[in-house]
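Chains as they are written, first to last, in this note's numbering: chain A, 1 to 479; chain B, 1001 to 1317; chain C, 2001 to 2665; chain D, 3001 to 3219.
No lab work stands behind these hints: they were computed from the structure. None of these values were measured; they are calculated from a predicted model. Treat the hints with care, as some may be off.
[Said to hold, decoys possible] Chain D side only, calculated, beta carbon under 8 Å to chain C, not exhaustive:
no. : residue
1   : L3065
2   : L3114
3   : V3115
4   : R3117
5   : L3120
6   : T3146
7   : L3211
8   : D3212
9   : M3215
10  : E3216
11  : R3218
Think of the CB as a built atom: it goes at the ideal place given N, C-alpha and C, for glycine as much as any other residue.
The residues making up each chain are set out below.
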Amino acid sequence: MAVLVLLPLVVSLVLAVLTAALRTPLLCRYAGVLTAATVLASGVALSAAVLDGATPTAGDLLRVDALSAFMLAVVGAVGLTATWGGLTPPGGRTDAWTYSTLVALFLGAMSLAVLADNLGVLWVAVEATTIATAFLVGHRGTRTSLEAAWKYVVLGSVGVAIAFLGLVLLYAATVSAGRPTLSWIVLTQEHLALDPSLVKVAGALAVLGFATKAGLAPMHSWLPDAHSQAPAPVSGLMSGVLLSVAFYAILRVQAVVDPVLGPGLMRGLLATAGLLSLAVAAGLVVRQRDLKRMLAYSSIEHMGLLALAAAAGGTLALAAALLHVLGHGLAKSSLFVVSGRILATEGTTRISGIRGLLVRRPGVAVPYLAGMAALLGLPPFSLFFSEVAIVVAGFQRGLGGVMVVAVGLVLVLFAGLARHSAAMTMGGSPDAGPTPDGTSLGPQTPLVLALGATAVVGLAAGPLATLLAEAGAVLAGAR
Amino acid sequence: MNAGALVLVVVQVAVMVVLSPLLVGVMRQVRARMEGRAGAGVLQPWRDLRKLLGKETLQADGTSWVMAAGPVVLLGSSALVCALVPLVGTTTFPLVPDDLFVVVSVLLLGTVALALVGLDAGSAFGGMGSSRHMTIAALVEPTVLVSVYALSIPVGSSALSAIVEARIADPASIASPVSLLALVALSVAVLAETGRMPVDNPSTHLELTMIHEAMVLESSGRDLAWLELGSWLRLGALLGLVGSLLVPWGIAGDVTVPALAVGVLALALKLGVIGAGLAAGEVFLAKLRLFRVPELLAGSFVLAFLAVTASYLVVQG
Amino acid sequence: MTPIQAGLLTQLALAALAVVAAVLTPPRLRARVAGAAVVGLGVAGAVTGAWALGGGQGALRIPVSLPFDPVVLSPDRLGGLFMLVAGLVGAVSASYGISYVRGPAASRTSWSAMAVFLLALQLVPAAADAVSFLLCWELMAVSSTVLLLAEHAHRAAVRSAALWYAVMTHLSFVLLLVGFAVLADAGGGTGFAALSTVPAGSAAASLAFALLVLGFASKAGIVPLHVWLPRAHPEAPSHVSAVMSAAMVKMGVYGAVLVTIRLLPGGPAWWGLLLLAFGAVSAVYGILQASVATDLKRMLAYSTSENVGLMFLALGTGLLLRAQGSAGPADAAIAACLLLVVSHAAFKTTLFLGAGSVLHATGERDLDRLGGLGARMPTTSVAFGIGALGAAALPVTSGFVAEWALLQSLIHGANAQDRLVAVVMPVSVAVVALTAGLALLAFVKAYGIAFLARPRSEGAAAAHESAPGMRVALVLAAASVVVLGLAPGPTYTAVAAAAGLPGPQPVGWWGIDLSAVGALLDPVALTVLAVLLVVPVLVVSVRLARRQPRREVDLPWGCGGVRLSPRMQYTATSYAEPLARVFDDALRPERDVLVTHSAESRYLVERVQFQQHVGDIVEETAYRPGIRFVDRLGLLARRLQNGSIHRYLGYSFVALLAVLVVVSL
Amino acid sequence: MSTSWFDQAIGLAAGVLLLTSVLLVWKRSLAAAVRSLAVQGVALAALVAVIGIYEGDPQLVAIALLVLALKGFLLPWVLDRSRVRIAAVREETPLLNTTASLLALSLLTMLAYLVSRPFLTLAPGPTSAAVPVGISLVLYGFLILTTRRHAISQLVGFLVLDNGIATVAFLTSGGVPLVVELGASLDVLLVVLILRVLTSRITAEFGAADLDDLMELRD
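With the rest of the complex left out, here is chain A (with noise of 0.2 Å):
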């Protein structure tokens, strides 16, 4: 079982280490796919482990439950979307060494995040995470490239810092309850005799350090910008899972307050978060005027929705948030995939140099379309479960005004992306038929795949849902 939670870890590790020094074409090209596959591959074998009851551990710091074998196939299926979809034809710049093992490492930074029980272990690999994607985000080399850059790692790591100190501080209370430690099954199991005071800070300092990781307002800023500029693969990545797994940090370290604390503060800050973020994504994309920043807007508000899951709390909250995030993630990353295929065939990301591409190019429109519809909670795709569940949840754990004042963000942020995106697609140019597109960009199978997982996902009863109501109880405290 130990061999299943190192599986990613070292396959990545030895993938980059390899690609960094090979560097033959094959490996460059293939190596972030083969990454995502064996992440996405231990991913399901864990959570098959968990169900069966087992909680599979490696040495002391990683222990696998079902939140984290449910996170690291999330991880694995965002990744292997984002990295196959962003195969381009040879030649292209995404060829080269320096992409393909920072992707390896990023993959195996993040799958560590989850696999990781010790709180430190999880901040360095979050860390880490920025470390690996500051040249992804520069990958291109321009000037806005290099901006983007400079703002994501300066953000990024003074807000990561802050959650350090946020661990240090909730470390120091464990060495004066006499038990230092900073193993999360340890903290979460064994009540130990924390000075409420002292965790209040640790928390509400480790809540808003991991925030401005997970793109929660009103740290969010670096994130229009890096997710714009990164390569679409990588924007794919980091706004379908590295928000996520910054999120699933969140969810941890709430998990280790609440009981202190009880719920109040956790819920002031993330539905304070949650609010702010759904009202700047909503302000920034009624007059947006680029896709991909539209895109990064959308995941603020869908990790602003994620932040107010965590505040309700509660089983079905959390189940819904944890589904959330992969029905946005998979979604998230194929929409990037595509903007990515509209840059290399309109030569622009800007929304109003992007007219009638449902008749120009269907293979490409036709899954933006549905990604989109995705993104706005349409059903069947999942996120119209987790979205109605987060309400639903909401309401039931008297965050009914919250859930008001989100509930019309949301629909405003509906408005805006579908007026964008109609603007975009709809409508056009009957003379010029459609051009051959599509195949030529890259694989359309990742897209299929990854969309039509979205759709079918909250439809599934079975083993997902054990896996997600298991999930959900682990981070409740029932298990």
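Starting from the structure of chain A, add chains B, C and D where the hints point.
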């Protein structure tokens, strides 16, 4: 089916077919005399009808079956109204009650037929008449329904015969303010609906003023005959209804020969008096501008509405 | 497996089959194969609905991956009625669509969306819990948006129509979501059984009622939430407009009935008043707009708004009267609401399909450019005429029966000892009467201008009767209008069962006896009497005709033999002009008189052009400023992200300081 | 070993930490800033060493050496190289002028004391008493990051912030677990290296390392 009701229906329709052209004749004659003309005689409408039925019927190119069917529908609906409204007697079929809403709907069916006839020829006049006709009909409907609603409140039924019977039984209710308000409102509505002064001038062919005449311009021969007879029946039935509500006496409560005879005589009398009064009034009235008509109708609606609310206040004390 | 379960499964299977057929079959066969499957789907829905209406039981569980309460489809009688209506409308419209659709509306996407749309429509009334309701509801919204977008590449208006529709329908969804969430919180679960445990008098129930009704009103096209309707209906392919207007909009009514009758029965009087007020405003505003509209389908769309308004008015009356304790009239009003639903489904299907045939044959939707179609398209003309009679609520059509029942309940309702009712009821009667009057004008205009007189454009002159498949569907729909009008008894029995009202007394030939208000209606008897009276006239006419046949002449007389050109005819605009003047303040039309002077002299006029445009005043005054406001906020919000890293760090720093202050206080 | 010695040593180290950071805010010369940072690193190492010696923990002493190498020498050196390479001399016009910055410092210090109250109540002692210094450092670092325009200044700010966290960590619990400590240190090092690379690229691309030039990405 109730044999008595059947007899009554036959009598009513037959009497109205006879009387309503006479009514028009009387009205024209009164008017002519008051204006200092000799007039064509009371029987002129009958002679017109006979003449029209004998003439050939022309149909313009591009017109459709509506030109032929419309007049029949109008006549049929008018006849049905005559059959349903308590004019001579109050006995009704158990399955075809003289329900207020049914009567109004049947009336409107004729209105629609006439409006379509006006449109069918495709002449500018026809369209104009049709448009004005429908506009007025649309605005009249609330007044009609609300005023009869006001009258129905004390009875608790929307059946006209029940209302009339109740008024015979309790004559005091006729003079009540509610009843008077409702009757005035209803009368205005009837004037508008039948195209009398001050809404329409029935004796003119000036395009600025005409409504009814504009619609029948393209009809000829028997089509025109049916249209005219249908319109006269409507006029007769509606004036007869006002008469029955205002002066309910004489209306046959059961179907016996004497009662029917009295009913017919009473009806003829009422129609004659109302028609003559109306004609006399028309001499002194100027036709309203078309766009002032809604004001008149709004006024009548307010009266009807006041009648309803007042009746509740009265009922509740 | 119960028949209901089998029916639900069959619907799912047929929808899947239709999607597969739409995707896989070649374009030549697609319409027939996929269309047949969709027709089958509709029929399956109708049968299942009828079974449920008859009291059949059965549930189908939807698997979802979140730990909700069970997500279940299980139609009750009320749901069965709406499922039946949706299924029939869908089946007829789809069979019409088989011959009707061309081009983009016949694409794989459109046929698949049609199948999903119909499925969702039929499953909304089957939902037995909030989650499955919302699921079907959204599915319905999404698929109809896709259908609406079919011709996006050809007409720019489609995009804006779809956008309005999408946003308004999402607004509706959001309101429903919050409303159900409030109820679920109070009732302790998302199943309808749990929701209905909330006492109707509680604050939560009232809040939920307000939210849900607003949400349903938005879908139902109730003013002021109707703005999507006059945009979406004209731009959708006509068979889709038919389903949208005749069935989808009804789901809003279904929702309102569901909430007030089934989930939260016995609500306070103001619930009824609210519904009544909404309904009254919509009815009058909708029909006013319809009267002055010149686009045939836009006019039908506004008429939908009117009809739904009447349904809300009827429902509101029912609730109000129930709350005031007069049960008999209340039951009649609720039955009238459902009768209106059934009737509107019949005649609006007819009208939209008829409009589709007109559009198909002439390429025109503008009434001002139609004319003379009666001779060219006899079947369509008759069918549309019957539909128009129904919409104008004239005897003996379904529309007449429904409005009759409504008026009966209104005038008898006021017997309650209540001043509020005493004022509200006459106003309602006046509203219904005015609505009926204006509807008369609107439909005389639509029928007279489009089908009578002479063609006003080349397209209209070149019109031809539509394909047999379309005609069959049209005739079926039109026949249903007459049959429902002639024999309202069975329908009344059905709606009474659906709403859980006391069973009505059968009377005469399939007539209605509203014994609670002492009124009865037997259209067959009325018709027989009418026929008896018309027979002599006909006999005379026929004899005269035999003696002296009708003579065709070249030209109408036209007041003196002026050579008439079609341009001299009244148009739809001029027809409604007097009315537009009367209601100037409510409609605020924009009138332009363009005078072209001749080149020689300014005193000589070469041409005068009169244009009148009636916008939607609700949209202008309520929505536009809102949109502009949000837009301006969007511009302001941009300053948040002005690119300065210091500002960004500042945000984080301020957040850090704020959090530190908060936690250390 | 007497407690008062320990008290004084802790106090001294904390004082130096605080002083250097105030200097960092005060001075605009970049060379001086890097020097102050080096001194601060040494002070931090000293602090760790004192705690290690006082508690007799050889591991902590080893960590002190590591801290000395990293924060006292390696990072300042990297920074200095960078500064020399792009020929940066001074921070020209910070967004907040010096007076205002210094006033802000006092407010931030008060906040830091407020935040550290739990430590004083939980375990009174010299180390707890010095915790506010660490928190202050974090806030100062953030202030420098927010208000300074030059890329090198931001790096300095980041390192001050990091030093603050490390100070808190060592003062409150004698440092986080070793593996975390190592990971964190490695991460910081890598971040600084990345920022250094980016700084030189920015200088090459924009002609200066003034961060206000980085305003092309906006809405």
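To see whether the hints hold, each was checked on the structure:
Violation of the interface hint for D/L3065 is found here, the shortest Cβ-Cβ separation to chain C being roughly 32 Å, above the 8 Å cut-off. This hint holds: D/L3114 has a C-beta 4 Å from the nearest C-beta of chain C, less than the 8 Å allowed. The criterion of a C-beta within 8 Å of any C-beta in chain C is met by D/V3115, whose closest approach is roughly 5 Å, and the hint holds. Of the supplied interface hints, the one on D/R3117 holds, with its beta-carbon coming within about 7 Å of a beta-carbon of chain C, less than 8 Å.
Below 8 Å, beta-carbon pairs count as interface contacts, and D/L3120 has none with chain C, the closest being about 12 Å; its hint is therefore violated. Among the interface hints, the one on D/T3146 holds; its C-beta lies about 4 Å from the nearest C-beta in chain C, closer than the 8 Å criterion. At its closest, the beta carbon of D/L3211 sits 5 Å from a beta carbon of chain C; the interface hint therefore holds under the 8 Å criterion. The beta carbon of D/D3212 comes within 7 Å of a beta carbon in chain C, closer than 8 Å, and the hint placing it at the interface holds.
Satisfaction of the interface hint for D/M3215 is found here, the shortest Cβ-Cβ separation to chain C being roughly 4 Å, below the 8 Å cut-off. About 7 Å separates the beta-carbon of D/E3216 from the nearest beta-carbon of chain C, less than 8 Å, and the hint is met. About 3 Å separates the beta-carbon of D/R3218 from the nearest beta-carbon of chain C, less than 8 Å, and the hint is met.
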